[in-house]
Amino acid sequence: MNGFGNIKTIAKRELRAYFSSPVAYVFIVIFLLLNGFFTFMVGGFFERGEASLANSFFMWHPWFYLFLVPAVGMRLWADERRVGTLELLLTMPIAPWEAIVGKFLASWLFLGLALVLTFPVVLTVNHLGSPDNGVIFTAYVGSWLMAGAYLAVSCITSAITRSQVVSFIIAVVACLFLILAGFPPVINLLQGVAGNWLVDVITSFSVITHFEGFQKGVLDSRDILFFLSVIGFSLFTTSVILRTHRTS
Amino acid sequence: MIKVENLTKIFGTKRAVDGISFTVERGEVLGFLGPNGAGKSTTMRMLTGFLPPSSGKVTVGGFDIAENPIPAKKLTGYLPESAPAYTDMTVHGFLDFAAEIRGLRGAAKKSAIGRVVELCFLKSVLHQNVDTLSKGYRHRTCFAQSIIHDPDILVLDEPTDGLDPNQKHEIRQLIRKMGEQKAIIFSTHILEEVDAVCTRAIIIDRGVIVANGTPEELRRKSEWAGAVTLRVNNVAEAAVQQKLNQLRAAKKIATATSGQRVTVTVFPRTAGDGDLTREVIAATNGWQVEELRTEEGRLDEVFRSITMPDTTGKEAGQ
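Sequence order for the protein chains is A and B.
0 is the number of the first residue of the first sequence in numbering that gives the first Met the number 0; add one for each residue after it.
0 is the number of the first residue of the second sequence in numbering that gives the first Met the number 0; add one for each residue after it.
Straight-line alpha carbon distances no greater than 20 Å define the calculated SDA-like cross-link-like pairs of lysine to any residue that follow:
#	chain 1	residue 1	chain 2	residue 2
1	B	K109	A	G4
2	B	K73	A	W96
3	B	K73	A	P95
4	A	K11	B	K109
5	B	K176	B	T213
6	B	K167	B	H188
7	B	K220	B	A195
8	B	K176	B	E191
9	B	K73	A	G4
10	A	K11	B	G92
11	A	K7	B	R104
12	B	K56	A	R242
Sample of chain A residues facing chain B (criterion: CB under 10 Å; computed from the structure):
#	residue
13	I9
14	R12
15	S20
16	V22
17	E86
18	R245
Taking CB as the label site, the calculated pair distances span:
#	chain 1	residue 1	chain 2	residue 2	range
19	B	Q180	A	P21	42 to 52 Å
20	A	A193	B	Q127	53 to 63 Å
21	A	R81	B	P51	16 to 26 Å
Hints listed in this document are in silico derivations from the structure and should not be mistaken for laboratory results.
Each residue gets a CB set at the ideal place from its N, CA and C atoms; glycine is no exception.
With the sequences and hints as input, model every part of the structure.
Put into structure tokens, the structure is as follows:
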């Protein structure tokens with residue numbers, strides 16, 4: 000069987016596992032409630048009078064994901080190690096990277112599903128005005144890529160430990176760095192003490208900086224590349240960590 | 000089918016497995032014995048490619064597990080020690096996954112699942128979640144997973160652990176039957192299992208192979224092998240001791256008295272030649288003999304004398 004088939008089998012099992020427990024439904028409900036609350040109450044969607052979702056809806060996503068994505072990713076490898084199924088998985092006739100990619104893809108698709116279920120917001124803004132749906136589409140793509148980057152980071156932290164709680168906390172801290180590196184108050188603070196070039200380097204690591212373009216309807220290859228390389232690098236690191244566990 | 004050469008695994012400073020070599024051919028069931036922490040599970044994890052060896056080589060079906068892991072793993076079925084299974088799935092879902100990852104699809108997958116469900120008696124729990132299963136069922140679910148692709152090679156780490164006596168019996172029968180066409184290696188603490196199932200046994204202690212042979216060969220290493228146990232009535236213990244101690248073929252004797260009866264065991268100088276039995280029978284002339292039997296040798300005693308030399312020495316001196 001080829002690598003694609005193996006990845007599909009692994010991903011299918013992972014997705015099935017998500018929906019056989021209440022965790023998936025709880026996650027989706029919380030995600031949608033948060034989105035609704037922040038968009039309409041905190042974000043002041045109606046008061047703005049804009050036919051756009053950028054400032055009321057998408058701007059919250061980096062912050063929602065900060066807590067929700069590590070919650071999805073924390074069990075990926077920590078649980079396999081705790082229950083012992085890792086031994087089963089890695090003695091099956093598959094390459095370790097196929098398992099890593101398969102499990103990542105399943106969780107990423109799951110996050111994508113949660114994101115798609117926010118469609119009533121799009122219907123609402125289309126009903127009230129005439130927004131640029133192209134911009135909304137690119138913002139959705141950017142949001143999903145950003146979720147993928149968070150998730151890949153959570154994969155690393157999940158591979159480090161057997162404890163889901165530890166994995167969650169480390170992932171939140173790591174993702175917080177990815178946000179804060181581009182958060183305006185932090186940038187202002189940095190500009191006071193560091194040179195411009197250093198600030199540029201730091202902000203170039205931020206998901207917020209790279210997400211901005213998508214929110215404006217720009218599909219910049221550099222932004223796409225940024226998210227994809229965070230994902231690629233993190234999954235590679237995960238494979239190194241899993242290998243190290245077995246050799247030491 | 001399985002060839003292990005100078006296999007070594009070092010954890011930190013501890014040599015968990017220290018240069019062991021053996022082979023298992025098709026049609027063989029190899030029992031892997033040893034005290035806890037002797038290196039049984041570590042060896043099996045290296046055979047199945049979960050742990051890379053520190054040095055040495057494992058060849059499975061002609062494929063080097065380190066250089067060519069995928070074809071080697073395709074030939075192998077593995078039941079890990081803790082019998083893990085995905086807890087968030089049903090038994091059927093889990094077996095379906097195992098079958099798919101082994102490349103089975105459609106009708107082939109369906110018949111493979113049907114076959115292992117029947118062999119492992121899982122029908123009644125097929126649609127139950129794995130985390131609601133009792134230990135025995137969970138164990139059999141994982142066992143079912145290991146044979147779902149009808150592999151040529153089976154590596155089973157304590158396959159009967161946690162099963163009730165009936166289930167143990169069924170699984171042993173199954174292993175013995177499958178052993179006719181496959182190469183099987185399984186570890187166990189239970190010595191009766193070696194007799195029931197194995198064609199050959201290896202005893203491993205502190206990472207080193209200390210015995211390797213058929214169950215009969217191992218048993219012959221016991222000081223009980225060829226010993227004669229005798230129960231007589233109305234003869235004084237001292238008289239029995241005196242007479243039997245004079246036998247040429249006797250190495251030593253042990254006696255115990257209860258009421259009028261004396262039970263005595265005579266250990267042979269060399270096992271298996273029948274001299275001792277003949278001499279004992281001749282010596283009992285005139286005694287009321289109630290019981291007389293020749294011992295076959297005890298695996299548990301061999302096991303203990305090999306893996307715990309200090310304590311058996313003390314016992315023998317008593």
